[in-house]
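Novice: Now for the letters of each chain:
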Amino acid sequence: MNGWRSAHESENKNQATENTEITEKTGAISVASVFSVANSFPRMKFNHKSKLLLAVLAIVLLALPFATDALLGRGWVRIADFALLYIMLALGLNIVVGYAGLLDLGYVAFFAVGAYCYALLGSPQFGLHLPFWIVLPLGALLACVFGVLLGAPTLRLRGDYLAIVTLGFGEIIRIFLNNLNAPANITNGPQGISMIDPIRIGGFSLGGTHELFGFTIPSVHLHYYLFLGCTLLVVFVSLRLEDSRIGRAWMAIREDEVAAEAMGINTRNIKLFAFAMGATFGGAAGGLFAGFQGFVSPESFGLTESVMILCMVVLGGMGNISGVVLGGVLLVLLPEALRNGAGPVQQALFGKTLIDPESLRMLMFGLALIVVMLVRPAGLWPSMQRRRELTADDGVALQEQDTVYGSSR
Amino acid sequence: MMNLLTVENLKVGYGGIQALKGIDLDIAPGELVALIGSNGAGKTTTLKALAGLLHPTAGKVRYAGKSLFACAAHQRVCDGLALVPEGRGVFARLTVEENLQMGAYTRRDTAQIGTDLEHKYALFPRLAERRTQLAGTLSGGEQQMVAMARALMSRPKLLMLDEPSMGLAPMMVAKIFETIRDISAQGVSILLVEQNARLALEVAQRGYVLESGLVTLSGASSELLGSDAVQRAYLGG
Chain A
1 MNGWRSAHES ENKNQATENT EITEKTGAIS VASVFSVANS FPRMKFNHKS KLLLAVLAIV
61 LLALPFATDA LLGRGWVRIA DFALLYIMLA LGLNIVVGYA GLLDLGYVAF FAVGAYCYAL
121 LGSPQFGLHL PFWIVLPLGA LLACVFGVLL GAPTLRLRGD YLAIVTLGFG EIIRIFLNNL
181 NAPANITNGP QGISMIDPIR IGGFSLGGTH ELFGFTIPSV HLHYYLFLGC TLLVVFVSLR
241 LEDSRIGRAW MAIREDEVAA EAMGINTRNI KLFAFAMGAT FGGAAGGLFA GFQGFVSPES
301 FGLTESVMIL CMVVLGGMGN ISGVVLGGVL LVLLPEALRN GAGPVQQALF GKTLIDPESL
361 RMLMFGLALI VVMLVRPAGL WPSMQRRREL TADDGVALQE QDTVYGSSR
Chain B
410 MMNLLTVENL KVGYGGIQAL KGIDLDIAPG ELVALIGSNG AGKTTTLKAL AGLLHPTAGK
470 VRYAGKSLFA CAAHQRVCDG LALVPEGRGV FARLTVEENL QMGAYTRRDT AQIGTDLEHK
530 YALFPRLAER RTQLAGTLSG GEQQMVAMAR ALMSRPKLLM LDEPSMGLAP MMVAKIFETI
590 RDISAQGVSI LLVEQNARLA LEVAQRGYVL ESGLVTLSGA SSELLGSDAV QRAYLGG
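If you read the protein sequences in the order shown, they are chains A and B. Sequential numbering from 1 applies to the first sequence in the working numbering. Sequential numbering from 410 applies to the second sequence in the working numbering.
The set of hints was computed from the structure by calculation and includes no laboratory data. All values reported here derive from a predicted model rather than from experimental measurement. All C-beta atoms, glycine included, are put in the ideal place defined by N, C-alpha and C. Certain hints may be false.
[What the hints assert, rightly or not] Chain B is nowhere near these chain A residues, computed Cβ spacing over 10 Å in every case:
# : residue
1 : A55
2 : G75
3 : T154
4 : L233
5 : V258
6 : N266
[Unchecked claim] Restraint-style ranges between C-beta atoms, simulated for each label pair:
#  : chain 1 : residue 1 : chain 2 : residue 2 : range
7  : A       : G203      : B       : A520      : 38 to 44 Å
8  : B       : C480      : A       : L128      : 47 to 53 Å
9  : B       : G596      : A       : V145      : 31 to 37 Å
10 : B       : T541      : A       : A58       : 31 to 37 Å
11 : B       : T541      : A       : A55       : 28 to 34 Å
12 : A       : L155      : B       : G549      : 39 to 45 Å
13 : B       : A473      : A       : V145      : 53 to 59 Å
Can you build the whole structure from these sequences, using the hints too?
Specialist: So, in structure tokens, the structure goes:
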């Protein structure tokens, strides 16, 4: 569906022809070409600027674990690792909820499937120690299959009804994992599976400290870089999907399913694909989680986790990748910051700890959620369309309001 | 000349309720046919069944020489059957242009989609002004225009319109019906479902009157407009 970009492309073409004109006329610069240089300048400047921004961002992300070590303390790299895992999960759920508009409250089940797949095939549980590059894709694939399994019977459901079924599905998976220790012990039940093999790429294990390029890089730092790479991959795939034919079909289904079907969209396959794609991301994140943590138990995959991931998507800005990433970062960092900050702040203010930081943490967290939803109902960083729908601070939006409310003229 | 669409004994039920009790209907290429009737007569059900959104319990539907029985909704669009759903069904959070491009979803000829798009803007100049606007923020009449333009983007042979006048200001209704005439003049066959019987029969060449799931009257529009039964039941005469 190249039409989406045709306007932009033709603009670029104009720019290109202008530029060639300039090079041809270097001998005698006409007034017109001076103007066209002036016109093209802001764009070049912008490109330059965004490149610079990207470079700065890359350096910050690469240096982050060392910076947190030096400034905040040892524990924060681990938190950053979890933030990246949650971002992957949130981006996966964003496909299902944000793009296709299918409310999934059991998303953590796919995370569990990926994690347990890794745990069962790479631990002393069965004595299997399959390599990482087999186990991780297998976990993602298995999650994908489960995604289709969940999607198929729920094709006709929407909204609240779909939410209830997916919620049930999430619980079924968790309860299954909890009880699959008898009659034959498969998952070790509530005790979970421990001593999971660390992520090992070739002969390089991420489980230990390594000396690289003269730096001593601990295990958590190595995981950070791996997760960062995976997150960037997920972001890239999400971006490509958003702009694709399939992405547009998802959005059409989200807006009006009957009309989408009448447009020639195979709604059944496209919806199943949304479930499958979201589940695949979830499963991959699950595998990484198992390898990082070295231990999985059903406890990690409760309803709270599903709700948390959904919060990241909604709070950040449904359907907008940057927003979802922001949501993921905030919802992991905020509780940690409150956990570490609440005690000392109370000490400084009142001289003693009045409220247990642990309970205060959840209170503040809930309050923050309510405030954000009141003040920014479309999320912290909504997609362009959501923003235009809910605010009227640009020309087009004002024109829209004019048509809606002034159409009786 | 062979009919573009032939419907024989079409029956559709929702659970236990029979909404269509066996209707016959045909449309010749290029013809504009009106399907009129009161609330709950089965008009929308007929269109939905023809578009493949509902599955008939019995009956035959032949379109362009082949049976549509085993054909899924999304395949029918490829074959040139387009539906403008009741209540318009625009994609509210997509822009006007994106809506129109969704209409061309089944097409792969990117170059011609661009020219078609401009052609639709020429047909609905109002939409050209509002290309980048979100469809959900348009007025009802403009949304109807989006829905019709979007359906036309699939290059249909048969366009099915479900209550295009619903909820529109009289001036907008006149404009929409003018456009329906234009589209018909370009050779597209149209099946028009309307509650506004007079308006529909005035633009159509032929009409069918649907009453509780059965076709009770059919014939040339002028005959139907003049017939006592139609006058009494729908035209308030």
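Novice: What are the numbers of the hints the structure violates, in ascending order?
Specialist: Violated hints (numbers, rising): 5, 6, 7, 9, 12 and 13; every other hint is consistent with the structure.
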